[in-house]
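Peer 1: Chains as they are written, first to last, in my numbering: chain G, 1 to 264; chain S, 265 to 561; chain U, 562 to 922.
It is possible that part of the hints are untrue.
Said to hold, decoys possible - Take a look, some chain G residues computed to stay more than 10 Å from chain U by CB distance: (1) Asn7; (2) Leu9; (3) Val31; (4) Gln101; (5) Leu159; (6) Glu160; (7) Ala175; (8) Trp257.
Claimed, not checked - To give a feel for the contact side, a few chain G residues facing chain S, derived at Cβ under 10 Å: (9) Phe10; (10) Ala170; (11) Leu173.
Derived by calculation from the structure, the hints in this document are not laboratory data.
Note that beta-carbon positions come from the ideal geometry of N, C-alpha and C, so glycine has one too.
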Amino acid sequence: MTDPAKNPLFRFPGLKPAAWLFFVFLYAPIVVLLALAFNDNEQATIWTGFSTRWFGIVLDNADLIRAFNNSLIVATTATLLATTIATLAALGMNRARFRGQDGVNALISLPLIVPEIVTAVATLLFFIMLGFRLGLGTVILAHTVFCIPFAYLPIRARLEGMDPRLEEAAQDLYANRRQTFLRVVLPQLWPGIISGAMLAFIISLDDFVITYFVAGAGATTLPIYIFGMIRIGISPEVNAVSALMLAISIVFVAASWLVGRVRR
Amino acid sequence: MARQSGEGRRRALLIAPSILMIGLFMLVPVGIMAAISFMERGSGGGVNWGSFTTEPYLQFLFERDLDDSLLLNTDYLQIFFRSIWLAALTTALTLAVGLPTALFMALQPERRRNLLIFLVTIPFWTNLLVRNYAWILLLRNNGLIDQVLMGLGLRSEPIGVLYTTFSIAVGLAYTFMPFMVLPIYASLEKLDWRLVEAAYDLGADRWRALRRVVVPLAMPGIAAGCILVFIPCLGAFVTPELLGGGKALMIGNLIQSQFGAARNWPFGAALSMALLAAVLLAMMFYLWRYRRAPGAV
Amino acid sequence: MKDWAIEARGLTKRFGTGADTVTALDRVSVTIRENEFFTLLGPSGCGKTTLLRLIAGFELPSEGKLLLHGQRIENLPPFRRPVNTVFQSYALFPHLSVLRNVAFGPEMQRRPKAEIEAEARRMLELVRLEGFERRLPRELSGGQQQRVALARALAGRPRVLLLDEPLSALDLKLRREMQIELKRLQHETGITFVFVTHDQEEALTMSDRIAVMSGGRILQIGTPTEIYEQPTSRFVADFIGETNFLDAHCEQVAEGRAQFRLSSGDLVQGLAIPGLMSGSEVTLAVRPERLDLLADGQPGIPATMQDLLYIGNDTVCTVALADGTELQVRVQNRHGAIHASAPGSAVRVGVEPQAVRVVGD
Numbered sequence: 001m002t003d004p005a006k007n008p009l010f011r012f013p014g015l016k017p018a019a020w021l022f023f024v025f026l027y028a029p030i031v032v033l034l035a036l037a038f039n040d041n042e043q044a045t046i047w048t049g050f051s052t053r054w055f056g057i058v059l060d061n062a063d064l065i066r067a068f069n070n071s072l073i074v075a076t077t078a079t080l081l082a083t084t085i086a087t088l089a090a091l092g093m094n095r096a097r098f099r100g101q102d103g104v105n106a107l108i109s110l111p112l113i114v115p116e117i118v119t120a121v122a123t124l125l126f127f128i129m130l131g132f133r134l135g136l137g138t139v140i141l142a143h144t145v146f147c148i149p150f151a152y153l154p155i156r157a158r159l160e161g162m163d164p165r166l167e168e169a170a171q172d173l174y175a176n177r178r179q180t181f182l183r184v185v186l187p188q189l190w191p192g193i194i195s196g197a198m199l200a201f202i203i204s205l206d207d208f209v210i211t212y213f214v215a216g217a218g219a220t221t222l223p224i225y226i227f228g229m230i231r232i233g234i235s236p237e238v239n240a241v242s243a244l245m246l247a248i249s250i251v252f253v254a255a256s257w258l259v260g261r262v263r264r
Numbered sequence: 265m266a267r268q269s270g271e272g273r274r275r276a277l278l279i280a281p282s283i284l285m286i287g288l289f290m291l292v293p294v295g296i297m298a299a300i301s302f303m304e305r306g307s308g309g310g311v312n313w314g315s316f317t318t319e320p321y322l323q324f325l326f327e328r329d330l331d332d333s334l335l336l337n338t339d340y341l342q343i344f345f346r347s348i349w350l351a352a353l354t355t356a357l358t359l360a361v362g363l364p365t366a367l368f369m370a371l372q373p374e375r376r377r378n379l380l381i382f383l384v385t386i387p388f389w390t391n392l393l394v395r396n397y398a399w400i401l402l403l404r405n406n407g408l409i410d411q412v413l414m415g416l417g418l419r420s421e422p423i424g425v426l427y428t429t430f431s432i433a434v435g436l437a438y439t440f441m442p443f444m445v446l447p448i449y450a451s452l453e454k455l456d457w458r459l460v461e462a463a464y465d466l467g468a469d470r471w472r473a474l475r476r477v478v479v480p481l482a483m484p485g486i487a488a489g490c491i492l493v494f495i496p497c498l499g500a501f502v503t504p505e506l507l508g509g510g511k512a513l514m515i516g517n518l519i520q521s522q523f524g525a526a527r528n529w530p531f532g533a534a535l536s537m538a539l540l541a542a543v544l545l546a547m548m549f550y551l552w553r554y555r556r557a558p559g560a561v
Numbered sequence: 562m563k564d565w566a567i568e569a570r571g572l573t574k575r576f577g578t579g580a581d582t583v584t585a586l587d588r589v590s591v592t593i594r595e596n597e598f599f600t601l602l603g604p605s606g607c608g609k610t611t612l613l614r615l616i617a618g619f620e621l622p623s624e625g626k627l628l629l630h631g632q633r634i635e636n637l638p639p640f641r642r643p644v645n646t647v648f649q650s651y652a653l654f655p656h657l658s659v660l661r662n663v664a665f666g667p668e669m670q671r672r673p674k675a676e677i678e679a680e681a682r683r684m685l686e687l688v689r690l691e692g693f694e695r696r697l698p699r700e701l702s703g704g705q706q707q708r709v710a711l712a713r714a715l716a717g718r719p720r721v722l723l724l725d726e727p728l729s730a731l732d733l734k735l736r737r738e739m740q741i742e743l744k745r746l747q748h749e750t751g752i753t754f755v756f757v758t759h760d761q762e763e764a765l766t767m768s769d770r771i772a773v774m775s776g777g778r779i780l781q782i783g784t785p786t787e788i789y790e791q792p793t794s795r796f797v798a799d800f801i802g803e804t805n806f807l808d809a810h811c812e813q814v815a816e817g818r819a820q821f822r823l824s825s826g827d828l829v830q831g832l833a834i835p836g837l838m839s840g841s842e843v844t845l846a847v848r849p850e851r852l853d854l855l856a857d858g859q860p861g862i863p864a865t866m867q868d869l870l871y872i873g874n875d876t877v878c879t880v881a882l883a884d885g886t887e888l889q890v891r892v893q894n895r896h897g898a899i900h901a902s903a904p905g906s907a908v909r910v911g912v913e914p915q916a917v918r919v920v921g922d
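If we strip away everything but chain G, and leave its shape as in the complex, we get (with noise of 0.2 Å):
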């Protein structure tokens, strides 16, 4: 019978407002970006008429499809590796009560708290400290890091959102160890695994800090290659670049919302 929603009683004043604020204030930089890689223009920012040759200019680019290339390498490569750990952390942390585990916990999280820069410095120091060459493969190592806890919170949500009888029923029915993970327990979890690896992906495929210290000569990923363009100016390249890689963004979520909606 109390549904806020329909209650007058529940209307404040103010809140239309401040919500229509909130969401110009959030859509406006992407629309006017959008609007703008369609400009013919060369100056970035006065619109003269709509054209898509910006488009082929940057497609174009082999510096920035090189950039792209090693993006995704490093992507595909750290969310793999990242994502199954996680897994198999999630797994091991199942209904765990053991002393420690807290500190497991806080371990995992780590990345989440301390700031990317510090992240960024203290493991370029261990690199050349080791004596490591930096390039893409210092790259994947650190994404996979700071992956593994964007990976691990969907993961261990759903395995906690699961059902502990189903596996106590699998096993009531002759199902061991095995059978029952393979079974009852991976089927479930997909959903998680996948979100865990979605997020995984776009964290890792836009990072910029890290990367921009730990990446050597020749590991330039796509956004060290823009933050280079961007540094030299605004132009109509930054803006079809920026637009693409928005538009990759937003298949990216309509596709994680899919996933959701699976879920449910």
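Using the hints, position chains S and U against chain G.
Peer 2: Then chains S and U, alone, in the frame of chain G:
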């Protein structure tokens, strides 16, 4: 008993890889960095391994005169405090906009609520550089905001806000807005609205019902939002770099410069330790006040 | 009219729009006297809570008028009505101590600080919760929370106190205690109580008057005895207490008495109601405890014993009339459990005319 220990070994094996990865490539590096922050700067720009000095920390407050006496130098301290000030300002800005927005969302019918959450999260998934770049387009001299203002005849010349403290605050607020809205929304969504009815019943008008009942009950969400915005703001690097134009430095940029142009690793390490300490302090304050397990955020 | 605490005229509440419209309250008119313990009784979904929420101000009526001591209030927000509510869920503020919960109302009324404190303490004393001032609601038992909710609602010195099934979450023993407590409080404070419940026994024991509701309407208003002894409709008779319903044909009406022929062919005498005409088909309601179980051969309606249910103080017997119509007869075990008449044996059922009432549908 045997089964117990077998179970323990299985768990240990499952957890080991993540502990190893994060321990070896995160905890150990931070420890090494802590050690380097007490070392002398190498002649070639690296580190003089095995030496011990508190010089990097002294450098934070003093500079050495020609005759080796210490002179107070507040340049670095100012940058540190500017970072804290900017992080606090950003937190306040996001709270001022985020709280009413979260309340608005929580009061919508369920279908619309889900759509709004979706809309709040999209920018969060967008690349950080892209988001900051969009603000350069808007804020720069003769950029879109200038064009609109001048087109309307409200101003005759550019407002010139890009590369100021203000533009950094806007950029940071934009970047971290979802981190404020989502936790507050989560705590408001669980709110028992009958409590608000009870407040009305006892004579509280809308404003007082909000202040005395809704806000206190949403406090866990508000606190979580504040900490989720404040901490990453403190260590921000990209936004001050792009929207501050190297003029209004934050501690993140200062750290970066020690590993770039300045080539002073021990000082950079000491600055990193100071930043880490500030973040951990904020985190501990939050945990002490709102007692929640780490990782629950 | 002057001593009416609440007057509702044609109060209607519809939820939803278009095809989804639900009429929760349908042209309800009722007057509640000052200092009265007035109960709204009915099954869930009958509209009793909606009526209460309209009086409290949580909902606005779709149509109709609502007066509090002669003043129109139907469009006032709840915080401008001198009416307080004890919520079914108690709705105690979880972040405030017991004392601050009780002081909330007086604080909102901007009374002087010293008075707020004193009033809150006085209310806690009234509900016998001295010493619990600094506790948080979650540190109290259900019964104690209930008392805090009462104290909180009374601290605002309302003209009318609304109670929305306040005892439903308590166990039986505590519920009995609180029933007595509520009566005492009402007596001591002299405030009009409007009480919502679906528990007929609770309604009968506590109320000065009861309104029985169903389907968004009020079916009957009366004192507990009137409601129990003289139900006007089949619904009321059925909802309150146990009742036998018998289809009958009215043979003749004279001097307040009437004679009915049951479907079994037997004749019974009963009370006539205004407008009853001979020759009409009617439904008779007879309470099981108003029937007498007699030995075969004595004057009464012949029946066959079907079943005996021993329930301690009473035994409930199910008997069948000649045409198979089943009838419940409640016999007091004044001399220990009755052992007479095994199932299948012939018995007689004695019916006194005062016990037979004609009810509408």
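Peer 1: It remains to establish, for every hint, whether it holds in the given structure.
Peer 2: Hint-by-hint comparison with the structure:
{"no.": "1", "hint": "Asn7", "in the structure": "7 Å, violated"}
{"no.": "2", "hint": "Leu9", "in the structure": "6 Å, violated"}
{"no.": "3", "hint": "Val31", "in the structure": "34 Å, holds"}
{"no.": "4", "hint": "Gln101", "in the structure": "27 Å, holds"}
{"no.": "5", "hint": "Leu159", "in the structure": "29 Å, holds"}
{"no.": "6", "hint": "Glu160", "in the structure": "24 Å, holds"}
{"no.": "7", "hint": "Ala175", "in the structure": "42 Å, holds"}
{"no.": "8", "hint": "Trp257", "in the structure": "28 Å, holds"}
{"no.": "9", "hint": "Phe10", "in the structure": "6 Å, holds"}
{"no.": "10", "hint": "Ala170", "in the structure": "17 Å, violated"}
{"no.": "11", "hint": "Leu173", "in the structure": "20 Å, violated"}
In this structure, the earlier hints numbered 1, 2, 10 and 11 are contradicted, and the remaining ones agree with it.
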